[in-house]
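*Asks:* For the sequence shown, the working numbering gives the first residue as 7, with consecutive numbering after it.
No lab work stands behind these hints: they were computed from the structure. Glycine is no exception: its CB is placed at the ideal position from the N, C-alpha and C atoms. Misleading hints may appear alongside valid ones.
Per label pair, the in silico range of CB-to-CB distance [as the list claims (entries may be wrong)]:
#1 T161 / V77: 47 to 53 Å
#2 M89 / Q119: 43 to 49 Å
#3 M89 / N129: 33 to 39 Å
#4 E73 / G112: 56 to 62 Å
#5 E127 / T161: 21 to 27 Å
#6 L96 / E64: 17 to 23 Å
#7 G112 / R144: 46 to 52 Å
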Amino acid sequence: MRIVTILISGALLVGCCTNVTQDPSQGGLAGGVCGLTTGAYDQRIDEREARLAQVQGERYVAVQRQEDLKVNDAQSRRELSNMKSQVSRLQGQISSVTVSTTNKKGQKAELSQRANNLQAELNRLQGQPPVSQDYERRKAELEDEIANLWTIVNTL
Numbered sequence: 007m008r009i010v011t012i013l014i015s016g017a018l019l020v021g022c023c024t025n026v027t028q029d030p031s032q033g034g035l036a037g038g039v040c041g042l043t044t045g046a047y048d049q050r051i052d053e054r055e056a057r058l059a060q061v062q063g064e065r066y067v068a069v070q071r072q073e074d075l076k077v078n079d080a081q082s083r084r085e086l087s088n089m090k091s092q093v094s095r096l097q098g099q100i101s102s103v104t105v106s107t108t109n110k111k112g113q114k115a116e117l118s119q120r121a122n123n124l125q126a127e128l129n130r131l132q133g134q135p136p137v138s139q140d141y142e143r144r145k146a147e148l149e150d151e152i153a154n155l156w157t158i159v160n161t162l
């Protein structure tokens with residue numbers, strides 16, 4: 007007799023499913039029985055598990071993207087550091103070249119002045135009558151020194 011009572015009660019409750027919500031938080035006992043017998047609970051569980059799997063997949067993609075961004079950030083920081091080092095080395099080289107250029111300009115001006123002085127002495131000697139062999143020797147020495155100085159000036 008109990009079985010019959012249970013079956014009749016179940017049939018009555020299932021019959022009541024048409025007017026009862028299948029939301030387990032709102033349906034009460036009738037909604038619970040209705041949800042179990044119609045499979046609504048299982049369907050809600052499946053939907054929520056599917057949504058959970060989707061959210062977990064999105065989270066995995068987001069975590070991977072974050073890791074990729076961290077790697078790219080670290081690489082960019084290394085490249086930036088390398089570029090800063092290169093700029094620093096180039097600035098040092100520029101300073102060195104600037105100093106060297108300034109020194110060479112000074113040397114060139116000094117050598118040029120010496121060459122002009124020698125040329126003036128040579129012009130003075132040429133304006134005088136040759137008196138001795140010393141004159142010709144000194145003239146040849148001055149011409150050689152002038153040529154050497156111009157070679158040095160042009161290589162600077």
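*Asks:* Compare the structure with each hint and give your call.
*Replies:* Now the hints, each set against the structure:
no.	hint	verdict
1	T161 / V77: 47 to 53 Å	52 Å, holds
2	M89 / Q119: 43 to 49 Å	44 Å, holds
3	M89 / N129: 33 to 39 Å	57 Å, violated
4	E73 / G112: 56 to 62 Å	59 Å, holds
5	E127 / T161: 21 to 27 Å	24 Å, holds
6	L96 / E64: 17 to 23 Å	47 Å, violated
7	G112 / R144: 46 to 52 Å	29 Å, violated
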